[in-house]
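Visitor: Take a look at the letters that make up each chain.
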Amino acid sequence: MSHAEGHLPSDATAGIAQGVGARLTRKEDDRFMRGRGQYVADIRIAGLQDIAFVRSPLAHARIRGIHVLERFRDVVFTAADLTGVKPIRAVSGLPGFKISEQPVLATGKVRHVGELVAMCVAPSRAEAEDIAASVTLDLEELPAVYDMLGARDAGTALVHEHWGDNVFLESAFEVDITRAFDAPIKVTREISTARQCMSPLEGRGVVATFDHRLDQLTLYTGAQMPHIVRNGLSDCLDIEQGRIRIVSPDIGGGFGHKGILLPEEVCLAWLTMRKGCAVRWIEDRREHLTASANCREHHYRITVYADRDGRLRGIDCEATVDSGAYSSYPFSACLEAAQVASILPGPYRMPAYRCRTFSVATNKCPILPYRGVARTGVCFALEIMLDAVAVAAGIEPGEVRLRNLVSPDEMPFDNITRKHFDSGDYPQAMRRALAAIDIASVRARQRTREADGRLIGVGLSIYCEQAAHGTSVYAGWGIPMVPGHEQANARMTPDGGLEIRVGVHSHGQGLETTLAQIAYEILGIETNKVRVVHGDTALTPYSTGTWGSRSMVMAGGAVATACIEIGERAKRIGAKLLQLDPAMVTLRDGRVCGPNSSIALAEVAHTWYRRPQDLPPDVDPGGLESTSGYKPQRDSGTFSYAAHAVTVAVDPDLGEVEILDYVIVEDGGVLVNPMIVDGQIYGGLAQGIGTALYEEMPFDSAGQPLATTLADYLLPGPAEVPEPRLDHMETPSPYTMFGVKGIGEGGAIAPPAAIANAVNDALRPLGVELLHSPMSPRRIVEAVLAARRAERPAA
Amino acid sequence: MTMIGLTVNARPVEASVEPRTHLADFLRDNLDLTGTHLGCEHGVCGACTLLIDGMPARSCITYAVACDGAKVTTIEGLDDDEITAELRAAFTREHALQCGYCTPGMLISARDLVLRLAEPDERSVRAGLSGNLCRCTGYVGIVRAVRAVIEQRRRRGIAPVAGGGRQTLGPVGSGNATNSAQPDGARGTTAKPEAPQPMSGASAIPDFTPAKTFGETFTVPYPPDKVFDMLGDVRQVAACLPGASLTDMPTPERVEGAIRVKLGPISADFRGAARIERDVDTLSGRIVGIGSDQRSRSSTQGEIRYRLVPSEQGAATRVELSIGYSLKGMLAQIARDGLVRDLAARLTADFARNLDRHLSGDQTAVITEGRQELNGMTMLIDILRKRVSTAIRRFLAR
Amino acid sequence: MKAAAFAYERPTDLSATLALMARANGTAKLIAGGQSLGPMLNLRLVEPDLIIDISGLSELKWADRRGDELVIGACVTHGDIEDGRIPDVTRGAMQRVAGAIAYRAVRNRGTIGGSLSHADPAADWVSALSALRAQVALRSAAGARDLPVERFVTGALESALRPGEIVEAVRVPAMAASARWGYVKACRKIGEFAHAIAAVLIDPEQATARVVIGAVEAAPIVLADAAALFGGRITGDFERQFDARVADAILTKAGLANAADRHIHVAVLRRAIGEAASA
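In order, the protein sequence lines correspond to chains A, B and C.
According to the numbering used here, the first sequence holds residues 94 to 888 in order.
According to the numbering used here, the second sequence holds residues 86 to 483 in order.
According to the numbering used here, the third sequence holds residues 216 to 494 in order.
Accuracy of the hints is not assured; some may be wrong.
[Said to hold, decoys possible] List of simulated lysine-lysine pairs, PhoX-like, C-alpha gap at most 25 Å:
hint : chain 1 : residue 1 : chain 2 : residue 2
1    : A       : K368      : A       : K179
2    : C       : K468      : B       : K297
3    : A       : K202      : A       : K179
4    : C       : K244      : B       : K347
5    : A       : K120      : A       : K622
6    : B       : K297      : B       : K347
Source of the hints: derived by calculation from the structure; they are not laboratory data.
Chain A on its own, in the form it takes in the complex (with noise of 0.2 Å):
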């Protein structure tokens, strides 16, 4: 496979730079930018009735009784309804997993508050509302579980009551952590992460449909990975699968939100079946916050040691995650945190090490695995404890962390939980942020006084982002999706065009950019006359989807395999025509040439498809169009990686954090399309810095969420984000195709903890250490206020 390995970028072509490397601006724009683009709730089907939800309002209770005026008893279905439809069960293989059965449809109990009770169905949205409005609920309250350390006490109320308790999963890991515990410093902190919601500017939508003619059941729905909701659906309407047919439309942000199966899904599904009308759901922003899915919420009790000089001897852990009420499809409820475990050691050198950690149930919506995963939260519980070593040791945060990354000579290498690091240069990455935040103008400007009394402070934190991991480390989960070969397929058109089909999904990443960037690469077909056609199983190869930081590597290396192919098929009918040996021939610029002669890829593809008559006898009849499986030579992942340093300015008396300068050293390893990359950085960022400052889901003490509007759920808007400055590294990886690794994701791991670290550096003089995220104001004014009282104690 000639392309493989750390192939790099082909000589400029003719034109403008199309190929992998190029900074191409995105064939998707102009829909999106004439209000073109379409999104579920743009489709329009004749009789289409709108959908609305009676959720609960209490986060435990027993469903004494549903009541439902006589009037509305054809347009309001409950659980009873739903005979034969099966709960939807996200099982893992890890051993102890406590299974739960999300209802589609509330049965017996509510777990959570906005958990669906009874579908209503109307002419519109404000008239299945108005029904809804009128259906009575009468409840039992339970007491509530809303607080994942109190969950694990005995006596505690039970999620689910036949667990005997409110643990999904415990894991461990241990690797001779008793030999670290006579280091000479010992750091211990207990540190944790708001609960947020992904808020995507568009939530879920779905509309359903049945198609008589095909007999197949349609599902328009907002989704990431298209192919597992069909699973799921036919797991839960045991309806084959060959009879449901998901399409996936324009899609306004996923981020991990728009990877899981609904609920509501299951429900439409079933009733346009049940009703024969198309029926319609969209989700609003208060459902959206309170109902669908939460995320992040971890809490780490955590010690590590040191020698004197700053280097690590182990760290020993206690993570707990609050998975919510049940474990969602298809990642399931310990995904989160049996991760960190295995990721926490991040890219450091250390000889011991132990984790333990508990996925915990409660009355609470369920979880998904946001933009970065665990990583946000293992970040940010790492890079702390990396700076209170400093502060113990009286060394910079910088060099500690240069006397423990991995080095590049060590590549590729193992770290303690065995995650296998392809390639990189993290001591490189950290020296370059430091050198561009330049840490000892900082350090000047600290000694000296601000003029409106703010506390200036500089803060770092690196990562590694595992990505487009694959069968190997599914396996091992368990999970009800194991990513196996992504496919494409690949099909040139009569008229020299090419058509892609692939069963990721793009929903902002560029992908039908980039994927024709790839296919120009191997093709030389121009950019614009490759159409790139996802989100639709009729249309696509099976694939798990877009998650994880995979499409490039996978779907991108899928593309090139076929789009290899095809090349090598048409480089023989090529031949044939110039009437050269085939192995004369190469292909380039979209044309197949021989040492003094050409012929145009269209050509060649005329003959196939309208002129037969010219083909060899021999040609392969698989002709101008592939559907290839790719996987990397390893598929462990990717490891891409970033160092960040930031500096901010505290107001200690408002407690407002500003963000003056924010660097960003980033190594994805070949990059298709630069700029395309950058945007994914940039974006990650603001939802980095909006886990480290604003977005907050509180719930009280009854397991109600307090943050059911944009009003109160803080995204961070232009003003509230900062530009970076961005900086590039290129280690390609090993085994991937032209040597690219997943980034998709990385942008938003590492901000909280850079911010964290920049906000305790300036407060340090003040005795102050935020171990919570987000800094709110609020919460910095309490600090410094505590920090004050703890010096004066009189006062």
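Since the structure of chain A is already known, use the hints to place chains B and C on it.
Guide: Okay, now just chains B and C, sitting in the frame of chain A:
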């Protein structure tokens, strides 16, 4: 249903709409103009921003009926608009969009800034775009694109237009209607659905731990046994609770009733039942109640505890009162905690004061039975203001 | 998230509006720009039987300087004020306050009268106009009356409006040339409702200081004579004389039990005073 006529993307449109239909739904559902997106439907995210009478406005919190006679321009109507065309070129060059969902609203707000801002300074552009959320791009490309277009246009000598060129006062879109709105006789769903039947009186009234509690203590000039007797009369106790009414004849152990609370334009009718416990030996008791407001799908649990302590050799009684509550459902999820807390504090203060007066024989002060509303925090604020002015006088007197 | 059904009326003049309100007997809600009411309707927190749209009433959409004050019709928008489409008597103070309310698209419809009527303690006009000694002109079928803004807003989301009564106009006295103005609010992000507001109008020449502490989840705290905050006397040196302990004590007395809340309010107040001093 109400008949309206307006201009959408330079095309006259007449339609019959339900008054509750917001402009975005009207455009999307009636006219199939789906370029206007809904992100939050409460005016925060900006995805639904479009032009009304040439000015950006939120179409999710502007009702279509209120736009009678207005000129509405959606993203679909800006295909040939010069500024928007320049913005589109800049947006794609600067990678100012990813998923595209915020883009139509973002372009509308960006266009307004390009029109109005004299200088492309980053701060003004960012502040000017702050009503439009983007979850994908981190705003980097958007800000660059908008600044670039402003910069180019000013360099080409195109002057900014102060105030976006608007000359008239008042909400954009208003004042264009030529006559008063009239229902057009077409059947809509204007009639409210009938009120759902109240839940059967809660059978069991469980104990609970209140999320919030407030205490009050006062002394009345009556002996404890008399006070204790009065507190045993549920009707009298209820009469001291503003907004409360009984719906059934109470027994000494149980009472059914309702309480109406009002927080600005929000009002809730909590209907439910209470259980009464008394201990004559300790001269103490408590009333534990639960109630729910069907409309807002909210429920509350409340508890009034009292203890009577003889004072002045038994001639008077010190009443130690503690009121606790928990609130669940939509009201708990939406209302700012402070607002509800203040309302409850006011309720406690009111109840104590009424009880005090009632026990003191001042019947006039007692709120009579019936459906009088507990009206916000008016009284607490009065008290507060008095406290503050007292405080100030005290400082001045120093 | 769709509003419950309501009937809609758009009367053509003020007297028809007042008559309609009188007939509706408290079951109607007025809507002007709808930027506060709209979200509450969509969330079904408010379900009125009848909505009366006053946004078209020309009697409420004008502004004029009359002697020493500016009269602003209730349906003048924040955007009208921000853009200078109406005269100014506050030396730019109102323009700056208006320009920082919510977002541009909201300011193009949100009105000054609507904002006051809604009486959200975290809203800007409630505090700013109290500090500017503004009055509201109220009208009902029964007659008209004026109230100072600080007496109009009686509590969180509570105003002195009687059933059938409407805010007709706001009357803002001209700011003296010697007066210093400071207005600061603490928001976690632009456009968010404030967590603390301070509005100060200090005139060292007249030795007067009016201080408003807002966004306290109740009606703003109005210190009509705030000399106590400045050691008892207002001088040109007022910024240095500001005594944060007095401010803290006032907030404590006003029922702000949480120390961090008070701290933030005092810090915002100090900043507003600083702004006035450098004005």
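Visitor: Taking the hints in turn, state whether each one holds.
Guide: Evaluated hints:
A hinted pair counts as satisfied when its Cα atoms are at most 25 Å apart, and K368 of chain A with K179 of chain A qualifies at roughly 19 Å. This hinted pair checks out: K468 of chain C and K297 of chain B have alpha carbons roughly 21 Å apart, not beyond 25 Å. With a CA separation close to 16 Å, the supplied pair K202 of chain A and K179 of chain A stays within the 25 Å bound. Pair hint K244 of chain C plus K347 of chain B holds up; C-alpha atoms about 15 Å apart against a cutoff of 25 Å.
Between K120 of chain A and K622 of chain A the alpha-carbon distance is near 10 Å, which keeps this suggested pair within the 25 Å criterion. The hinted pair formed by K297 of chain B and K347 of chain B meets the criterion: a straight-line CA distance of about 19 Å does not exceed 25 Å.
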